[in-house]
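Peer 1: Protein chains in written order, with my numbering: chain Z, 8 to 316; chain E, 732 to 1000; chain B, 2 to 346.
Take these hints with a grain of salt, some might be off.
Between beta-carbon pairs, the in silico distance windows are [to be verified]:
| hint | chain 1 | residue 1 | chain 2 | residue 2 | range |
| --- | --- | --- | --- | --- | --- |
| 1 | E | M978 | B | A194 | 49 to 59 Å |
| 2 | B | G74 | Z | I89 | 37 to 47 Å |
| 3 | Z | L109 | E | V754 | 17 to 27 Å |
| 4 | E | F982 | B | D318 | 53 to 63 Å |
| 5 | B | N343 | Z | P126 | 50 to 60 Å |
| 6 | Z | F77 | B | A194 | 23 to 33 Å |
| 7 | B | S201 | Z | V64 | 35 to 45 Å |
| 8 | Z | I51 | E | Y900 | 39 to 49 Å |
| 9 | B | M198 | Z | A40 | 46 to 56 Å |
| 10 | Z | I89 | E | F982 | 50 to 60 Å |
| 11 | B | K203 | Z | I51 | 31 to 41 Å |
| 12 | E | L761 | B | T187 | 53 to 63 Å |
Among the chain B residues that face chain Z by a calculated CB cut under 7 Å, a handful are [to be verified]:
| hint | residue |
| --- | --- |
| 13 | K69 |
| 14 | E331 |
| 15 | D338 |
DSS-like mimics (lysine-lysine), calculated; alpha carbons at most 27 Å apart, straight line [unchecked claim]:
| hint | chain 1 | residue 1 | chain 2 | residue 2 |
| --- | --- | --- | --- | --- |
| 16 | B | K106 | B | K273 |
| 17 | Z | K236 | Z | K24 |
| 18 | Z | K264 | B | K203 |
| 19 | B | K346 | B | K193 |
| 20 | B | K27 | B | K193 |
| 21 | Z | K264 | B | K193 |
| 22 | B | K27 | B | K106 |
| 23 | E | K740 | Z | K223 |
| 24 | E | K911 | E | K831 |
| 25 | E | K798 | B | K27 |
| 26 | E | K796 | B | K273 |
| 27 | Z | K24 | E | K833 |
| 28 | B | K346 | Z | K264 |
| 29 | Z | K264 | Z | K310 |
| 30 | Z | K24 | E | K911 |
| 31 | B | K44 | B | K106 |
| 32 | B | K27 | E | K796 |
| 33 | B | K263 | B | K106 |
| 34 | E | K796 | E | K969 |
| 35 | Z | K310 | E | K833 |
| 36 | B | K273 | B | K263 |
| 37 | B | K44 | E | K969 |
| 38 | B | K44 | B | K27 |
| 39 | B | K193 | B | K44 |
| 40 | B | K203 | B | K193 |
Derived by calculation from the structure, the hints in this document are not laboratory data. Predicted model, so just to flag it, every value in this text is computed and none were measured. No residue lacks a Cβ here, since even glycine has one placed at the ideal position from N, Cα and C.
So the chains spell out like this:
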Amino acid sequence: MAGGAASGGSAATDTYKEARNWLLLPSWVYLGAFVLVPVIMMLIYSFLTKEFRGGVVWEFSTAAYDQFFFDRGLFGDEPARIEWTYITIFWRSIWQAGAATLLALAIGFPTAYFIATRPEQARPMWVFLITIPYWVNLLIRTVSMKFMLRDSGPLNDFLIGTGLINDPISIINTNFAVQLGLFYSYLPFMVLPIYASVERYNFSLSEAAADLYASKWVTLRRVLLPAVKPGVIAGCILVFVPSMGSFLAPDLLGGAKNFMIGSLIEEQFKGNAGNWPFGAAASMVLLSMVLIVLMIFARQQAKAEKEAS
Amino acid sequence: MRRSNYDVKGLPGFFGITILCLVILYAPLLVVTVYSLNDSNSITNWEGFSFRWYVDVFSGPESQKFKIAAWNSFTIAIIAATAATTISTLAATAMVRGGKFKLRTVSFGLISLPLMVPEIVLAVATLIFFNSVGFTRGYMTILIAHIAFCIPFAYLPISARMQGIDDSYEQAAQDLYATKRQAFTRILLPMMLPGIISGYLLAFIVSLDDFIITNFVKGAGVETLPTAIFGSVKQGIKPNIMAISTMLLGFSVLLVTISYFVSKTDNKK
Amino acid sequence: MKNLLKSGVAAMALVTMASAAAADGKVVVYHWFEYIPQELVDKFTADTGIEVVMDTYDSNEAMLASLKAGGVGTYDVAVPGDYMVKIMASAGMLDTIADGELTNKGNISPTWADPSFDPGRQHSIPYQWGSTSFAVNRDVFAGDINTTDILFNPPAELQGKINVLDSQGEVMAMAALHMGIPQCTTDRDQLKALNAMLLSAKENWVSFNSDTAKEVLVSGDAAAGMIYDGFSAKARAEGANVEYAFPTQGYIAWMDNVVLLKDAPNRENALKFMDFLLVPENAAQLTNWTQYASGVEGVAPLLDEALRTLPEANPQDGAGQAVFIEACDEEVQAVYDTIWTNLKK
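Turn these sequences into a full structure, and let the hints steer you where they fit.
Peer 2: What follows is the structure in structure tokens.
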């Protein structure tokens, strides 16, 4: 019983090796038809000529990628320089999504741990408690969040009422408001995978560590955390990736003063710009970035498994 | 270090953080509930207590629209979450219990693809795709799209859970002459249940919440709750939307309470 | 397994087709969110027996994108704004209404019978019209507000408290009026100056919000904000002490129009729907609900008293011209896009 769970939770084995392809077939066929094909179409679109105000002309062009990477001035006729605009926008998105993920982890991990250590019949209730708020539409939740945070809103009223502060804290229309909004949008995506992992954790391992006079925090870091790593990683992916492409929280809570990658891409399809190839190209850049990170992660996990076995 | 009565599970402060987490989650909803009882057309000013927006939801000119939209939303969310969870459970079994194979990384990429493509791009791409293969937009196209983007949300918790389960259980079962199928359904599946439930719930709320893709692929005349209420929310939430949201909350709380008591009586037997 | 999949796909295809085949007597309307009262729709169905199937969008550009992604041929009518009518017509997405096809075409008020965006009303009829300018919270600033300086060169009281619409078209048009340059100018110096002016004006803006343009004024998040006339009236009704400005430099006019789409599957019913909207009683019912203004003759006596005296609909003496947003050509639009991206990067 020991090995798997303790060594980074990589209990990958080959019990169902023969059935492997049949088990994977539904996801291959389904995602292949309804996601991969559309995405490949977008990849093709990113190499086509833009039709003015939306749509594409079926002629090969690299203009979209040129626009992404090179700056040719206001009128497009200056010598090409490196384009910092979109790099700035990408960096901002990564930073905001990263901060939101850390925030979600900081709150979500203890919550998931707490739920997983409740008596067995009480756990489903706690899990539901976390997901119930998400039956209410994201837009309504975000608008209510805005209502809470504003200068004259309940949060500031409460803080002033308790005498903690004298003047309202300006949260709305700041980066912090965006991070808070993203965090709020995706919190259960962090809690549930971690909960599912910790719930499985064998606490006799922690007891063994305690017997060896490890403190609770050392046990948490050295014994529990490695064992529940897959859940933590799954949670981080589920919060970070959607946050990167989100535009509701940045627009409503951040005041939309600065583009995030999601709003930049949305503008290409639904806004004045109407530049589909460029929107497609920006998506492809975003997609390849995320894909590379995920592949590295998958490789490392495979490596860890190899070492463990 | 005291060994007697030593609670290895409890960690100081975690209960407090959980409470904080719940406060953050529920405080904005309190606003929704309070303002659904506001006797005013606007959400910004309080003009007295009233149930009139609840009456409006059921008998107002838009009541029919909301009824159909709620029905569509829930049936789509249930079917999509069920399909996505099934597909994901099978895929996770192959990925975690299928040994090493060449296409593993590629398969992982494919499964997480719906997550990585920005929603608006997936929306436009899916719409173009549906049009080019001749699907007429409607209930079915929404369902097809929802199953697709629900898959990674169901898959990740399920596979994370499975990675934490040692295969010695299944081995033991097989040593006792259980077939692989029996080892799967009798041993692995029950142990994976918390992961499957987590994945199902995530897929369910993701489907229930989706606006962008739904709005592009739904076609005329078919509404889900998010598309039906989106307009009135954008122009400053009207209290009838608050009332609908509050009733949704009430309904889900009711479900949870029932399931809690059902499971309690089950345990007593 | 393969057979199962095949039959599954076939079943899906059958269901999707079945839903499309039903109901002959209908008209498929692609409309803005929250822009027609349900009572009026029900009245049309009661009068004609034609069922109204509604789909909605939240911006002109979103509608265009959806139509370009294959929506043409599935809708009968849409409700684009002024400049979008022109864009759609030049993209060949609109059907022509022949003479005599619309019984009530004569009801269109003379002012709107021959607009620049659709000469001779070949493809469209007026739906509603109004203006876009800005409103200022009078508790915060008491001085003269009828100048575009409020947005682009604000007095100290309003600095850092201004919301602008998150819409390139409106912001650029307003900026052009402020600088006294033509919209969609091709003059490079003017474009450079426009870019610089917007960048420095942004220092004083707190947010870019279109959807919550009204709400930020009511809540006090912003003390001044670009806004549509109807939203300003609603903000006042909700208790905000705001005043709508008609700047001397000019302000933006807009008109939404019902257009007949190309390859409309229910063309006859679409024309009946348009005729219905041109009946003064119906147009009045619509206008009393939207709180904007109608382009149909004979509506005035049927309107609510409050609408006729609405401050947002009655410019003061000395107010500037109301101008429509122009649709720029491809080259200028590319520069506009760059300026907009610069502004928000």
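Peer 1: Next step is simple, just say for each hint if it's right about the structure.
Peer 2: Outcome of the hint check:
no.: 1; hint: M978/E / A194/B: 49 to 59 Å; result: holds, 55 Å
no.: 2; hint: G74/B / I89/Z: 37 to 47 Å; result: holds, 44 Å
no.: 3; hint: L109/Z / V754/E: 17 to 27 Å; result: holds, 20 Å
no.: 4; hint: F982/E / D318/B: 53 to 63 Å; result: holds, 57 Å
no.: 5; hint: N343/B / P126/Z: 50 to 60 Å; result: holds, 58 Å
no.: 6; hint: F77/Z / A194/B: 23 to 33 Å; result: holds, 25 Å
no.: 7; hint: S201/B / V64/Z: 35 to 45 Å; result: holds, 38 Å
no.: 8; hint: I51/Z / Y900/E: 39 to 49 Å; result: holds, 47 Å
no.: 9; hint: M198/B / A40/Z: 46 to 56 Å; result: holds, 51 Å
no.: 10; hint: I89/Z / F982/E: 50 to 60 Å; result: holds, 54 Å
no.: 11; hint: K203/B / I51/Z: 31 to 41 Å; result: holds, 37 Å
no.: 12; hint: L761/E / T187/B: 53 to 63 Å; result: holds, 55 Å
no.: 13; hint: K69; result: holds, 5 Å
no.: 14; hint: E331; result: holds, 5 Å
no.: 15; hint: D338; result: holds, 5 Å
no.: 16; hint: K106/B / K273/B; result: holds, 11 Å
no.: 17; hint: K236/Z / K24/Z; result: holds, 24 Å
no.: 18; hint: K264/Z / K203/B; result: holds, 9 Å
no.: 19; hint: K346/B / K193/B; result: holds, 17 Å
no.: 20; hint: K27/B / K193/B; result: violated, 51 Å
no.: 21; hint: K264/Z / K193/B; result: holds, 21 Å
no.: 22; hint: K27/B / K106/B; result: holds, 22 Å
no.: 23; hint: K740/E / K223/Z; result: holds, 9 Å
no.: 24; hint: K911/E / K831/E; result: holds, 19 Å
no.: 25; hint: K798/E / K27/B; result: holds, 21 Å
no.: 26; hint: K796/E / K273/B; result: holds, 24 Å
no.: 27; hint: K24/Z / K833/E; result: holds, 13 Å
no.: 28; hint: K346/B / K264/Z; result: holds, 8 Å
no.: 29; hint: K264/Z / K310/Z; result: violated, 43 Å
no.: 30; hint: K24/Z / K911/E; result: holds, 11 Å
no.: 31; hint: K44/B / K106/B; result: holds, 20 Å
no.: 32; hint: K27/B / K796/E; result: holds, 17 Å
no.: 33; hint: K263/B / K106/B; result: holds, 19 Å
no.: 34; hint: K796/E / K969/E; result: holds, 16 Å
no.: 35; hint: K310/Z / K833/E; result: holds, 14 Å
no.: 36; hint: K273/B / K263/B; result: holds, 16 Å
no.: 37; hint: K44/B / K969/E; result: holds, 24 Å
no.: 38; hint: K44/B / K27/B; result: holds, 14 Å
no.: 39; hint: K193/B / K44/B; result: violated, 53 Å
no.: 40; hint: K203/B / K193/B; result: holds, 16 Å
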